[in-house]
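Participant: Take the sequences, apply the hints, and build the full model.
So the sequence lines, in the order shown, correspond to chains A and B.
Quick note: the first sequence uses this note's numbering, first residue 120, plus one each step.
Quick note: the second sequence uses this note's numbering, first residue 117, plus one each step.
Quick caveat, the hints were computed from the structure, so don't treat them as lab data.
Remember, it's a predicted structure, so these values are computed and weren't measured experimentally.
Possibly wrong hints are sitting among the right ones.
To be verified - Examples of chain B residues toward chain A, derived with CB under 10 Å:
(1) Asp237
(2) Met549
(3) Tyr552
(4) Glu761
(5) Asp820
As the list claims (entries may be wrong) - Restraint-style ranges between C-beta atoms, simulated for each label pair:
(6) Val182/A to Asn878/B: 49 to 59 Å
(7) Asn225/A to Thr650/B: 36 to 46 Å
(8) Ser168/A to Gly144/B: 36 to 46 Å
(9) Ala165/A to Gly183/B: 22 to 32 Å
Positions of the beta carbon are idealized from the N, C-alpha and C atoms, including for glycine.
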Amino acid sequence: MFPNPFQYYAPQSLDEIFQILDKYGDEAKILAGGQSLLPMMKLRLAAPSVLIDVNGISQWANVNAQDQSLQIGALMRHRDWEHALDSRVPLLHSTAVHIADPLVRNRGTMAGSLAHADPAADWGAALLALKASVAIQSAHRLREVPLREFFVDTFTTVLEPQELLTEIRIPLPQNDAFVGARYFKLERKVGDFAVVGVAVTVVLNPEGVVTDAGIGLAAVGATPLAAVNAESLLRGQRLTLDLVQEAASEAAKESDPITDRRGSEDYKRAMVNVFVKRGLTAVHKDWQLQMDISA
Amino acid sequence: MNLDATETQPLGKAIKRKEDPRFIRGQGRYLDDIVLPKMLYMAMVRSPYAHARIKSIRVEDAYLVEGVKAVLTGEDLASMNLAWMPTLAGDQQMVLATGKVLLQYQEVAAIVAETRESAEDAASKVQVEYEPLTPVMDPFFALSAEAPVLREDREQKNNHIFHWEVGDHEETDAALAASAIVVKEQIRMPRVHPAPLEPCGCVADYQKSTGKLIWYVTSQAPHAHRTVLSMVSGLPEHMIHVISPDIGGGFGNKVPVYPGYVCAVVMSMQLGRPVKWVETRTENVATTNFARDYHMTAEIGATEDGRVTALKVSTIADHGAFDAAADPSKFPAGLFSIVTGSYRFPVAFAEVDGVYTNKAPGGVAYRCSFRVTEASFLIERVMNTLAYRLNLDPVELRRRNFIGVDDFPYQSPLGWTYDSGDYEKTLNTALDMIDYRGLRSEQQKRREQGELVGIGVSTFTEIVGAGPSHTFDILGIKMFDSCEIRIHPTGKAIARLGARHQGQGHETTFAQLIAQELGLSAADVLIEEGDTDTAPYGLGTYASRSTPTAGGAAALAARRVRNKAQQIAAHLLEVSPEDVQWDGSRFSAKGLSSRNVSMADVALAAYTNLPKGMEPGLEATYYYDPPNLTFPNGAYIAVVSIDRETGQVHVERFVAVDDCGTVINPMVVDGQIHGGLTEGFGIAFMQEIAFDADGNNLAPNFMDYLVPTAVETPRWETGRTVTPSPHHPIGAKGVGESPNVGSPAAFVNAVVDALSPYGVTNLEIPLFPWKIWEVLKQHGLTES
Chain A
120 MFPNPFQYYA PQSLDEIFQI LDKYGDEAKI LAGGQSLLPM MKLRLAAPSV
170 LIDVNGISQW ANVNAQDQSL QIGALMRHRD WEHALDSRVP LLHSTAVHIA
220 DPLVRNRGTM AGSLAHADPA ADWGAALLAL KASVAIQSAH RLREVPLREF
270 FVDTFTTVLE PQELLTEIRI PLPQNDAFVG ARYFKLERKV GDFAVVGVAV
320 TVVLNPEGVV TDAGIGLAAV GATPLAAVNA ESLLRGQRLT LDLVQEAASE
370 AAKESDPITD RRGSEDYKRA MVNVFVKRGL TAVHKDWQLQ MDISA
Chain B
117 MNLDATETQP LGKAIKRKED PRFIRGQGRY LDDIVLPKML YMAMVRSPYA
167 HARIKSIRVE DAYLVEGVKA VLTGEDLASM NLAWMPTLAG DQQMVLATGK
217 VLLQYQEVAA IVAETRESAE DAASKVQVEY EPLTPVMDPF FALSAEAPVL
267 REDREQKNNH IFHWEVGDHE ETDAALAASA IVVKEQIRMP RVHPAPLEPC
317 GCVADYQKST GKLIWYVTSQ APHAHRTVLS MVSGLPEHMI HVISPDIGGG
367 FGNKVPVYPG YVCAVVMSMQ LGRPVKWVET RTENVATTNF ARDYHMTAEI
417 GATEDGRVTA LKVSTIADHG AFDAAADPSK FPAGLFSIVT GSYRFPVAFA
467 EVDGVYTNKA PGGVAYRCSF RVTEASFLIE RVMNTLAYRL NLDPVELRRR
517 NFIGVDDFPY QSPLGWTYDS GDYEKTLNTA LDMIDYRGLR SEQQKRREQG
567 ELVGIGVSTF TEIVGAGPSH TFDILGIKMF DSCEIRIHPT GKAIARLGAR
617 HQGQGHETTF AQLIAQELGL SAADVLIEEG DTDTAPYGLG TYASRSTPTA
667 GGAAALAARR VRNKAQQIAA HLLEVSPEDV QWDGSRFSAK GLSSRNVSMA
717 DVALAAYTNL PKGMEPGLEA TYYYDPPNLT FPNGAYIAVV SIDRETGQVH
767 VERFVAVDDC GTVINPMVVD GQIHGGLTEG FGIAFMQEIA FDADGNNLAP
817 NFMDYLVPTA VETPRWETGR TVTPSPHHPI GAKGVGESPN VGSPAAFVNA
867 VVDALSPYGV TNLEIPLFPW KIWEVLKQHG LTES
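Facilitator: Written out as structure tokens, the structure is:
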């Protein structure tokens with residue numbers, strides 16, 4: 120339970136980070152919350168020779184809300200959403216409470232979770248559903264990548280060794296829109312990784328027509344997945360029981376789980392179906408309640 | 117209302133645990149808290165293979181790591197005749213592998229260094245060349261002719277360890293053949309692990325100048341461990357001082373002797389410095405003794421009106437690579453013969469065959485008195501099947517077959533004499549608590565609405581307190597236990613026992629017991645256990661034996677003290693000893709109760725003002741050889757509902773009524789019940805140490821071996837009946853293990869009951885949601 124020896128840097132500026140990255144390349148690993156990296160190092164599943172602790176980059180510990188998007192700095196912790204509900208993106212709160220345990224939520228970062236790219240991670244599914252993008256920076260360039268193009272494979276993303284994930288950007292709906300969301304997680308016990316995780320976020324207009332829908336799936340593929348076909352079935356439609364069932368079964372088809380000790384491929388696919396259905400049904404109920412109140 | 121320990125007449129009172137303030141404040145002193153001057157640290161090199169021949173071991177690179185003091189291999193140990201050690205079950209076990217490895221994570225070499233970090237770094241530098249062999253993971257395959265012979269050290273060239281049987285085979289077969297009804301069920305209790313939160317470890321401190329070894333070790337049985345260590349190492353027993361510090365849970369896992377212990381002792385003796393070894397979580401879960409892994413087939417015969425006629429049980433027991441069970445010598449399958457349970461079987465037969473496989477050695481009695489959980493699970497599950505076959509309520513079937521209150525002492529067909537019980541009353545208490553009749557009609561209504569709701573009953577009988585010397589020994593040592601009490605001049609007492617608690621609350625409960633006998637408060641009695649230089653010899657704490665054995669010794673030692681105290685009281689009261697009476701707190705002159713003295717008065721006199729010719733001091737020791745075992749019992753009822761879409765089981769209610777005889781501290785008993793039920797819940801729903809075909813352990817950490825937390829644990833409702841043991845000095849029976857023994861069947865019976873309308877009678881644990889879902893799917897129940 121001790122990591123291999125490593126060098127430790129705690130830079131205070133981006134320039135410093137890039138200098139160290141330039142020197143060590145892929146021998147270096149970025150340490151943010153460390154809630155995945157450190158256990159892997161202790162089990163000697165990961166053995167970076169250099170750790171770059173980025174917790175000193177204070178400008179990353181902020182959230183900026185602009186009209187069109189929410190910009191989340193790379194050091195925002197899971198707990199920041201556990202204790203806050205933003206009605207424009209309720210999915211963040213709905214997801215955060217399901218992540219691991221309080222110790223992990225206090226230290227772990229959203230950006231770190233995305234960069235680590237565990238297919239079972241909760242944020243991957245949720246932020247895919249929210250159609251987030253990420254800002255990626257190196258010494259030489261700054262680029263923005265939609266999250267739906269970010270994940271390549273299990274524990275693999277488009278990040279290059281010299282690059283950093285600096286910000287998460289979530290598009291915001293119009294102010295008067297109704298946004299409903301749920302994160303459902305089947306876990307074997309509290310704090311477990313998802314057996315199956317399903318994130319659902321839906322924007323409805325006053326007529327009950329879906330103006331935008333996002334469905335993200337955890338632990339049912341080599342990466343977190345977006346159920347794009349199911350999403351497009353919903354857009355421009357009312358949330359009827361039939362449509363909900365159709366979308367749920369489409370999402371199940373889009374999932375690509377494997378059989379393991381947590382359940383068979385069939386089981387996991389069926390759970391995607393169940394949770395998409397439950398998520399959409401719950402959102403529809405929320406909307407009806409909202410309409411009853413405002414009526 | 118919980119009381120402080122200053123209460124006098126404390127027996128039966130909910131006194132707050134004396135040990136809790138230090139545990140709650142993080143001031144316990146566990147093994148890993150012990151740091152000695154010049155202490156070295158040990159790490160293990162372990163096998164990645166379940167079965168492989170060792171071609172070579174190269175240790176040179178390990179010595180290049182800074183701080184490394186020594187590397188030990190199996191060949192080094194072989195030159196000292198220490199490559200193998202005896203197990204408590206009479207088998208032998210490799211300390212460090214020579215020739216081949218027999219399980220994944222097996223110990224291959226030990227490294228000792230100035231720091232734990234250096235030791236681990238060096239461990240990764242040891243190069244071992246393996247030639248992988250076919251692993252044998254299935255105990256049934258292990259018995260087949262095609263299976264490779266795992267244990268080349270044995271003369272017997274197969275994987276069969278032992279055959280054990282009890283009862284009358286022929287009569288049982290005849291009774292089954294003559295029975296109108298016969299049900300047969302295959303019941304598997306998968307491999308699980310006791311998983312104490314504190315892993316195992318030791319600090320061996322051999323001082324070359326004195327020749328004395330001080331050995332701090334996470335031990336449930338420090339005296340037995342000292343004897344074993346003396347036998348293995350050749351060190352004289354009086355030159356070994358075993359100290360078992362605060363222990364963070366044992367559950368049977370800290371009864372055996374482990375390879376790491378032997379290596380640490382050898383290294384300390386070689387280097388003349390203290391050597392600490394503490395397991396990682398994976399080392400604990402993957403290599404130390406597992407539990408269960410019993411593959412059982414049972415047949416019950418019955419009449420049409422539901423009277424049982426015969427029980428026949430046949431079992432394959434997977435013991436892993438070494439038979440390292442800690443069962444009493446004459447009982448290779450432990451007390452599995454309690455399998456007739458709470459029922460009047462006229463005849464029965466049980467047989468168990470032990471088998472070697474490429475898995476961790478064992479199996480220990482995980483919070484049960486040697487294979488009693490397996491036996492109880494089996495009989496309570498198959499009685500359930502019989503109830504369905506007879507179309508009889510499981511409660512009614514039990515009533516028709518209970519051993520009656522007038523049948524005690526009851527002679528079971530498999531050889532036990534049950535001491536006492538009132539099963540009907542215990543069951544009725546549970547039925548009242550849960551409103552069984554109302555519950556059944558509610559179940560009917562909810563079923564009509566499409567819900568899957570089940571009620572499961574388990575009315576188990578345990579057998580604990582091993583045990584009487586005519587029957588019970590471990591490696592020849594009789595299974596008595598002991599207590600020594602010293603009363604000091606100011607009337608305060610220290611009592612030392614041969615047991616060793618690991619969270620059971622002995623510092624409180626034994627203080628209560630002794631205080632009750634001596635007219636003191638529990639605060640006046642300090643309990644010490646776990647130090648072999650100070651405590652009298654005893655076989656330790658497991659198998660719910662502390663109260664039945666050491667508790668008996670404590671009561672009888674206290675009565676010896678009281679007898680002498682009475683003589684002194686007579687002297688102080690100036691009457692003859694026959695004219696002194698004891699009212700539970702004071703001695704007084706018969707017929708003149710105003711003339712009286714307290715135990716504290718007597719204690720002072722024992723050192724200052726003795727009758728002429730009397731030996732000074734006030735102390736006594738008692739070695740208690742119990743005349744029989746005790747038979748705690750209980751009635752547990754679980755109510756569950758199943759999510760048709762996900763297969764998740766929700767435990768809606770759980771009522772546990774226990775009869776453990778006289779209760780010393782009801783709060784401590786409730787605590788024991790809560791803990792054991794939580795473990796039983798884990799066993800029923802979450803836990804299995806499974807392997808893939810290559811022998812890889814699929815649950816070698818707490819990410820995959822699931823231990824329930826407060827979040828998923830149901831709310832427990834506890835109740836009690838009290839039928840004292842007629843032979844125990846205070847009528848107590850022991851309780852620590854009942855909930856682990858009795859609850860798994862209640863959970864499974866409830867889930868089976870929920871699915872019984874669809875013809876389901878048997879489900880294999882653990883009841884993972886995906887397994888339930890597969891069953892729901894088979895029966896077309898997943899669509900709501």
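Participant: Among the hints numbered above, which are violated by the structure, and what are their numbers in rising order?
Facilitator: Those not satisfied are hints 2 and 3.
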